Amino acid sequence: MTSPLTRRDFIRGTAAAVLGASAAFGRTAADGQTAAAPAAKTRVVLVRHPDALDAGSAFNEPVIRQMLDEAVAKLLDRSDPVEAFKGLVKPDDVVGIRTNVWSFLPTPAPVERAIKSRLMDAGVDEKNIGLDDHTVRTNPLFVKATALINVRPVRTHYLAGMSGCLKNYIMFAESQPAHHPDSCASLGSLFLLPQVKGKTRLNVLCALTPQFHGRGPHNFSRRYVWNYKGLIVGLDPVAVDAVGLRLITAKRRIELGPGQEVPPVPKHIGLADTKYGVGTADPAKIELVKLGWLDDVLI
Amino acid sequence: MRLARSLMVLFAPLMIVLAGGPVEKLSPQIPKQVFDWKASGPDRVFDRKTLYDYMDGGAEVYLAFDFREVFVRTYADAEENELALDIYDMGSPAEAFGIFSCDRQDPEAGIGQGSEYGPGLLRFWRGSHFVSITVSGNEDKAEQAVLALGKAVAPLLGPDGAPPEMVKLLPAEGLRAAKTAYFHDNVHLGNRYFVSSENVLDLDPRTECVFAEYAAASGDSGKLLLVRYPDAGRASAAAASFLKSVLPAADADGAARTGDKGWSMVTTRGAVLAAVFEATSKAFAARLAASITGPPK
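Chains as they are written, first to last, in my numbering: chain B, 2 to 300; chain H, 5 to 301.
Simulated from the structure, these hints should not be mistaken for laboratory data. Predicted model only: the values in this text are computed from it and were never measured. Treat the hints with care, as some may be off.
What the hints assert, rightly or not - Computed beta-carbon distance windows for the label pairs: (1) Ile255/B x Lys42/H: 36 to 42 Å; (2) Glu83/H x Lys276/B: 45 to 51 Å; (3) Glu288/B x Ser44/H: 47 to 53 Å; (4) Ala285/B x Leu247/H: 30 to 36 Å; (5) Glu147/H x Pro92/B: 51 to 57 Å; (6) Ala59/B x Glu147/H: 45 to 51 Å; (7) Asp296/B x Thr297/H: 53 to 59 Å; (8) Thr139/B x Asp110/H: 39 to 45 Å; (9) Glu202/H x Ile255/B: 24 to 30 Å.
To be verified - To list a few chain H residues with every Cβ distance to chain B over 12 Å, as calculated: (10) Ala88; (11) Glu112; (12) Asp164; (13) Lys172.
The beta carbon of each residue, even a glycine, is placed where N, CA and C say it ideally should be.
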């Protein structure tokens with residue numbers, strides 16, 4: 002009897018990640034202190050709040066700011082969020098916030114504003130903070146950026162399986178279609194580009210309204226978006242995406258059934274670890290810290 | 005009755021227009037207003053080179069078919085709810101059926117040669133065209149307008165065309181026709197059914213694939229993938245690759261029981277490969293695989 006690879010086996014396969022691949026993300030750039038995560042594990046913080054969206058699904062900005070503060074403080078084991086951000090950036094950094102403007106599910110503006118506000122609280126001059134998506138390769142601020150913040154929503158993607166923090170850097174590529182073959186397998190290599198390498202200080206995967214399935218011409222339908230009211234935050238984009246994939250998979254299992262639980266075929270997350278060494282995808286090597294609201298947390 | 009009168013007023017001029025033609029020539033024939041929704045912004049046309057400008061991240065789904073161009077018109081109501089009408093010239097009826105078939109989940113809407121409607125999304129195909137109408141905003145309010153717009157556009161896209169010849173290879177007994185998908189490469193197979201994280205069947209734009217699901221009256225069930233390659237050599241090589249990667253313990257018939265997921269099997273005849281998944285028995289797997297070895301259906 003043989004057992005061909007199933008979708009679930011495929012996800013388990015990411016557990017073949019290389020130990021220590023995320024070492025570059027285990028140390029904060031600004032103060033040289035080792036980040037709070039135990040050496041053997043990469044910390045990812047999931048924070049949720051029942052009031053992150055109101056009854057009309059509008060974003061609750063004060064709550065979202067509080068969520069980001071709690072997550073980043075916990076990520077770096079600091080009691081004060083400003084001190085935590087000071088652990089991520091230096092006052093003389095030029096910081097590019099790599100956001101996502103996809104019209105159907107953009108990075109929520111309150112999250113962008115919360116990040117920018119805390120960067121300024123940490124001492125970064127406002128004129129040295131930029132926000133961009135499609136023109137990051139040529140945006141003068143991003144060209145001279147010394148630090149990057151990676152922020153975007155989590156959703157499924159027809160080619161890559163999942164769009165997360167790894168895919169968010171595709172606009173740094175000279176050719177975006179060049180990274181589309183083989184289920185976008187090469188996305189991890191984007192973090193090795195000269196404009197990017199070693200600069201990512203924080204990854205924020207917005208799970209306020211994740212999309213667990215895609216349909217239609219733009220691979221988007223509101224039917225497959227739900228109010229999860231969470232943020233997934235980490236220093237390692239691979240680990241953050243691995244947690245995001247667990248969430249999407251769990252939701253799909255409930256809504257679409259076990260046969261469709263894994264979006265096809267999110268191999269780029271495992272390969273970002275095993276081939277490109279830009280983080281860790283192995284669930285056994287990720288410390289997932291959950292803060293706040295736990296109803297229907299799924300993971 | 006009121007609805008019927010409204011449609012007559014809005015669409016009466018459409019009943020006499022001629023069908024067919026490049027998508028941009030459809031522009032004057034398509035209604036500028038549907039109930040409360042009025043055309044907003046200029047009509048747009050995107051081709052294979054510019055499709056990325058319209059679809060941020062989704063163009064490959066269409067480029068994996070023989071997509072030629074898409075006509076796009078948006079409509080908005082007073083509350084800024086939007087409809088987006090997309091009319092795709094897919095080059096042939098087979099390709100139009102293909103892009104439609106890869107994403108079917110909603111009930112039939114009775115428009116064109118095949119359609120489906122669910123909240124916020126109407127999809128149908130006719131002739132060489134595939135059409136989608138999507139809603140941004142109040143999906144409930146838009147339902148009547150979406151369906152009316154689809155019914156107005158469908159007559160412009162004739163004549164009807166034939167589905168892919170490959171579909172005729174499928175055994176009829178137990179076939180769940182609404183689940184049948186036609187495509188070319190691994191992108192669409194991966195979305196339809198997970199075979200492997202690698203392209204073990206060597207699919208590319210030159211291969212023709214049909215994926216079908218079966219639920220026979222006997223209680224047997226299974227899934228059948230047929231692939232036509234440019235030549236028999238590639239079909240044989242793909243079968244060998246499949247056996248090595250997916251069914252390493254296959255017997256002399258190319259069949260193996262795959263854990264608790266039933267039987268899988270692979271066979272070839274000439275340039276065509278048949279792969280069976282999740283069959284309830286080896287005999288049923290063989291019956292499905294025989295679709296390429298028996299007489300033409």
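Against the structure, the hints come out as follows:
Distance hint check for Ile255/B and Lys42/H: the Cβ-Cβ separation is about 40 Å, which falls inside the suggested range of 36 to 42 Å. Taken as a hint, the range 45 to 51 Å holds for the pair Glu83/H and Lys276/B, whose Cβ atoms sit roughly 49 Å apart. Range check, Glu288/B to Ser44/H: about 49 Å between beta-carbon atoms, so the 47 to 53 Å window is met. At about 32 Å, the beta-carbon gap between Ala285/B and Leu247/H stays in the expected band of 30 to 36 Å.
At roughly 55 Å, the beta-carbon separation of Glu147/H and Pro92/B lies within the given 51 to 57 Å, and the hint holds. In this structure the supplied range 45 to 51 Å is violated for Ala59/B paired with Glu147/H, their Cβ-Cβ distance being about 24 Å. A hinted range of 53 to 59 Å for the beta carbons of Asp296/B and Thr297/H is consistent with their spacing of about 55 Å. The hinted window of 39 to 45 Å between Thr139/B and Asp110/H holds, with their beta carbons roughly 42 Å apart.
Between Glu202/H and Ile255/B the C-beta distance comes to about 28 Å, which sits within the given range of 24 to 30 Å. The non-interface label for Ala88/H is inconsistent with chain B: the shortest C-beta to C-beta separation is roughly 8 Å, within 12 Å. For Glu112/H, the condition that its CB be more than 12 Å from all CB atoms of chain B holds, with the nearest at approximately 16 Å. No beta-carbon of chain B is positioned within 12 Å of the beta-carbon of Asp164/H; the least distance is around 23 Å.
Every C-beta of chain B lies more than 12 Å from that of Lys172/H, the closest at about 27 Å, which supports listing it as non-interface.
Checked against the numbered hints above, the structure violates hints 6 and 10; every other hint is satisfied.
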